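Fit chain S to the supplied structure of chain R, relying on the hints for placement.
Protein chains in written order, with the working numbering: chain R, 344 to 795; chain S, 344 to 795.
Take the hints with a grain of salt, since some may be wrong.
No distinction is drawn between identical chains; accordingly, a pair holds when it is met within one copy or between any pair of copies.
[Claimed, not checked] Derived lysine to any residue pairs resembling SDA-like cross-links, with alpha carbons at most 20 Å apart: (1) K356 with M597; (2) K475 with A437; (3) K475 with D567; (4) K470 with A437; (5) K356 with A598; (6) K475 with N722; (7) K776 with S526; (8) K470 with S526; (9) K436 with P415; (10) K436 with R417; (11) K436 with D418; (12) K356 with E346; (13) K470 with R433; (14) K752 with R349; (15) K436 with F497; (16) K660 with L386; (17) K776 with G524; (18) K436 with T421; (19) K436 with K752; (20) K632 with A366; (21) K436 with G498; (22) K632 with L391.
Simulated from the structure, these hints should not be mistaken for laboratory data. Quick caveat: nothing in here was measured; it's all calculated off a predicted structure.
2 protein chains.
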Amino acid sequence: MVERTRFMLDEEKIPRFWYNIAADLPAGVEQSPPLHPMTHQPLTPPDLAPLFPMALIMQEVSTEREIEIPGPVRDIYTTFRPSPLVRARRLEKALDTPAHIYFKYEGLSPAGSHKPNTAIAQAFYNKEEGIKRIATETGAGQWGSALAAAGAMFGIEVKVYMVRASYNQKPYRRILMETYGASVVASPSMDTESGRAILAQHPDSPGSLGIAISEAVEDTMKRDDTHYSLGSVLNHVMLHQTVIGEESILQMEMAGEEPDVIIACAGGGSNFAGLAFPWVGRTLRGGRKYQVIAVEPLAAPSLTRGKYMYDYGDTAKMAPVAKMYTLGHDFVPEPIHAGGLRYHGMSPLVSLLKHHNLIEARSVHQIPCFQAGVLFARNEGILPAPESTHAIRAAIDVALDCKASGEAKVILFNLSGHGHFDLSAYEAYLSGKLEDYEYPAKEIKEALAHAG
Amino acid sequence: MVERTRFMLDEEKIPRFWYNIAADLPAGVEQSPPLHPMTHQPLTPPDLAPLFPMALIMQEVSTEREIEIPGPVRDIYTTFRPSPLVRARRLEKALDTPAHIYFKYEGLSPAGSHKPNTAIAQAFYNKEEGIKRIATETGAGQWGSALAAAGAMFGIEVKVYMVRASYNQKPYRRILMETYGASVVASPSMDTESGRAILAQHPDSPGSLGIAISEAVEDTMKRDDTHYSLGSVLNHVMLHQTVIGEESILQMEMAGEEPDVIIACAGGGSNFAGLAFPWVGRTLRGGRKYQVIAVEPLAAPSLTRGKYMYDYGDTAKMAPVAKMYTLGHDFVPEPIHAGGLRYHGMSPLVSLLKHHNLIEARSVHQIPCFQAGVLFARNEGILPAPESTHAIRAAIDVALDCKASGEAKVILFNLSGHGHFDLSAYEAYLSGKLEDYEYPAKEIKEALAHAG
Chain R
344 MVERTRFMLD EEKIPRFWYN IAADLPAGVE QSPPLHPMTH QPLTPPDLAP LFPMALIMQE
404 VSTEREIEIP GPVRDIYTTF RPSPLVRARR LEKALDTPAH IYFKYEGLSP AGSHKPNTAI
464 AQAFYNKEEG IKRIATETGA GQWGSALAAA GAMFGIEVKV YMVRASYNQK PYRRILMETY
524 GASVVASPSM DTESGRAILA QHPDSPGSLG IAISEAVEDT MKRDDTHYSL GSVLNHVMLH
584 QTVIGEESIL QMEMAGEEPD VIIACAGGGS NFAGLAFPWV GRTLRGGRKY QVIAVEPLAA
644 PSLTRGKYMY DYGDTAKMAP VAKMYTLGHD FVPEPIHAGG LRYHGMSPLV SLLKHHNLIE
704 ARSVHQIPCF QAGVLFARNE GILPAPESTH AIRAAIDVAL DCKASGEAKV ILFNLSGHGH
764 FDLSAYEAYL SGKLEDYEYP AKEIKEALAH AG
Chain S
344 MVERTRFMLD EEKIPRFWYN IAADLPAGVE QSPPLHPMTH QPLTPPDLAP LFPMALIMQE
404 VSTEREIEIP GPVRDIYTTF RPSPLVRARR LEKALDTPAH IYFKYEGLSP AGSHKPNTAI
464 AQAFYNKEEG IKRIATETGA GQWGSALAAA GAMFGIEVKV YMVRASYNQK PYRRILMETY
524 GASVVASPSM DTESGRAILA QHPDSPGSLG IAISEAVEDT MKRDDTHYSL GSVLNHVMLH
584 QTVIGEESIL QMEMAGEEPD VIIACAGGGS NFAGLAFPWV GRTLRGGRKY QVIAVEPLAA
644 PSLTRGKYMY DYGDTAKMAP VAKMYTLGHD FVPEPIHAGG LRYHGMSPLV SLLKHHNLIE
704 ARSVHQIPCF QAGVLFARNE GILPAPESTH AIRAAIDVAL DCKASGEAKV ILFNLSGHGH
764 FDLSAYEAYL SGKLEDYEYP AKEIKEALAH AG
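Only chain R is shown next, with the shape it has when bound in the complex (with noise of 0.2 Å):
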């Protein structure tokens, strides 16, 4: 008899609503309105309908508990969806800890990572909204890779802003996202006066997210047939992200046991709020508490050492003002390779919920990252994404815990997504060239000076 290692749901067991957390807010625990760029008064729905469809804004302030999916939306997930539970055996073993280590693998979709579990939905809302065009940004391409196969399943034409640094490092993101049909340019771009004026002062500049959030806008506020689309941060993405966590429950349930300790990374928030949000739910409506650990890179550490407060979403000021940890919208990250974990902010959500102490942080380096990313490859098969390594390294001190301890609990993490497009990252550090970003504490006191 086979030990069972991979736990899959049936088709029909994908999930038919999203949970929206902000249902399930205890009193005491309230979320403050994102606040105009210009105006910084409280933003309403028509103040965000030139960006998004109604619809999503609507998500995005709604405390209803359950939001249904759409028929389009979950015929395309079950493309890829239910994602696998796996119980890593092998990496149990050779830890040789008493810890049972589960991971949720949303690598397998379409665009290798947990994010077309909002591109669609985006997509789909767009589309019945009669847009034919969305703009975006990207950093590394994740996002901008997810966001061109949803277009390209819906007949929405897609641009992608892609931050020039990884537009040249990275040109098997830019091509896979072409191969979608989508059009990509380095930012900053001749294609915004944004991106216009940069490069008269800067001719090499090698971009940033929040020059390329700048871009994106700009086009989307020039054409009438032109939507803007943000792949983490918002509430409504979070939301997206839940059919992640709700599938993990029922997962478990086959699997016999319940997480102790749930683990994801965090950059903007989704991958994390995907995973956790629904297990925390069932914590604020009575049930028992759950060790929730959001891992963030010690190059990017807003939940950890950034302030909880109003900031912008971008560099340029054109994004709304949120409520959130932040280390100062001019704060630029080091250039680590976990390039999705590289933003000043934090979800909103994912800030309240640490700020109240529902859930914890904790920030490392990305070298003993690579060191529990390659230990997971070699014992796992699955070659994780460096954004994804900081969930494995976590987890893995956990069960390095247990192990000291002698306590066998149930760890449960969110691999987020696979590295096949960072092997150049993997060959740094498999050659020592790979170098650790001191926690920048002089940098994010100067950024966080100009915050708010």
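Leaving out everything else, chain S in the frame of chain R:
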């Protein structure tokens, strides 16, 4: 009610036996024994013992219908098997065809293709025989990365001789193998006598699969702790791949349909055999006949333009001599991007079935294959490997024939792997830089003159 799109088997339904088509060959369809490359006498098991573990040698000559899959192999299969069967509903719609198109998707394995099905089995049997180290060759790297991952799981050192042209063109594949812990050298290398001899004459040699095989075999023969491993062509490799077809039979039952047409690409023949042999076996045991099509590149058209005869498996005449369709062991296929299909010969079992008209073969140019691959990616989300696009092209052609004739055929094809490491090929296609290599009649004729 969502229409079913993905058919997932429970882990318990992973086959317990590999299917050996040798048991069902009808009278008059007989295997010809492989010959020793020096003596041209039929090979005996002891001849092969320096290269392979005895368990694999016995599988090579077995006529048992069912060979039990060892528990530890099945344990690892459970981390990525059963693979999904997917109905390509959006592709059907894009083609406006009455045909039903299903694909079996092998790209979710650790190495991203069907290759781990045999790599894990081969690593297991070598480990059982106390082997510490395996030497192999790889072209594009699908096979090398599968064996590297399997070696890591069983604690076996893996040395990969990678064709130099690929080594330089596909650094990500090389780094993937190294991340799994394998040693990779560009072939021809300074590590073997045959490599050094070639480099002395041709310091800039781009290498070939034939040269890399020679190096791996030489490496093996020189060391007591080392065996050799091959990722296609041999009977035991075809055997291990039949888990694909066995699963697909159960999954088509779930879908409530039976295929009329079964399609896979063919280089050495293993992904074709993996899908097709279990279905052909049903026919041979008295069931209905299916149209079974092997699709090969026009740049290496062994089944469609080669000769059925005894020929060497490698250029250097160190590998066994086998009765097969061959373009001649001197034939060097043009550098098409489907590196896994650039082989002068073909699996003897696949060749035998073709020779007796139990299967068909088609050959296609690479540009229409990439065209099919891009259409597939934009509709189904999955980026196919260049090899797999050959199967997609044939499936689309059959579906378009159905559109013309009004027939609602059921098509099943094998999507053997993803193309995450082949994006430079897609870029060449998208930018119009791809070339089609015309059927090189003269070269094949010349090569065949030296064959056998």
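A quick look at each hint next to the structure:
1. K356 with M597: both (12 Å within a copy, 16 Å between copies)
2. K475 with A437: between (51 Å within a copy, 19 Å between copies)
3. K475 with D567: Only inside one copy: K475 and D567 sit 9 Å apart there, 65 Å across copies, limit 20 Å.
4. K470 with A437: between (48 Å within a copy, 18 Å between copies)
5. K356 with A598: both (15 Å within a copy, 17 Å between copies)
6. K475 with N722: between (45 Å within a copy, 17 Å between copies)
7. K776 with S526: Close across copies (19 Å), not inside one copy (33 Å); limit 20 Å.
8. K470 with S526: within (18 Å within a copy, 49 Å between copies)
9. K436 with P415: between (42 Å within a copy, 14 Å between copies)
10. K436 with R417: between (37 Å within a copy, 18 Å between copies)
11. K436 with D418: between (38 Å within a copy, 14 Å between copies)
12. K356 with E346: between (23 Å within a copy, 13 Å between copies)
13. K470 with R433: between (44 Å within a copy, 16 Å between copies)
14. K752 with R349: Result: close within a single copy only, 19 Å intra versus 34 Å inter.
15. K436 with F497: For K436 and F497, the Cα distance is within 20 Å only across copies (13 Å; inside one copy 45 Å).
16. K660 with L386: Within one copy only: 15 Å inside a chain, 75 Å across chains, cut-off 20 Å.
17. K776 with G524: Intra 35 Å, inter 17 Å, cutoff 20 Å: inter-copy only.
18. K436 with T421: between (33 Å within a copy, 17 Å between copies)
19. K436 with K752: Result: close within a single copy only, 15 Å intra versus 49 Å inter.
20. K632 with A366: within (18 Å within a copy, 58 Å between copies)
21. K436 with G498: between (47 Å within a copy, 13 Å between copies)
22. K632 with L391: neither (36 Å within a copy, 60 Å between copies)
When the structure is compared with the earlier hints, a violation turns up for hint 22 alone.
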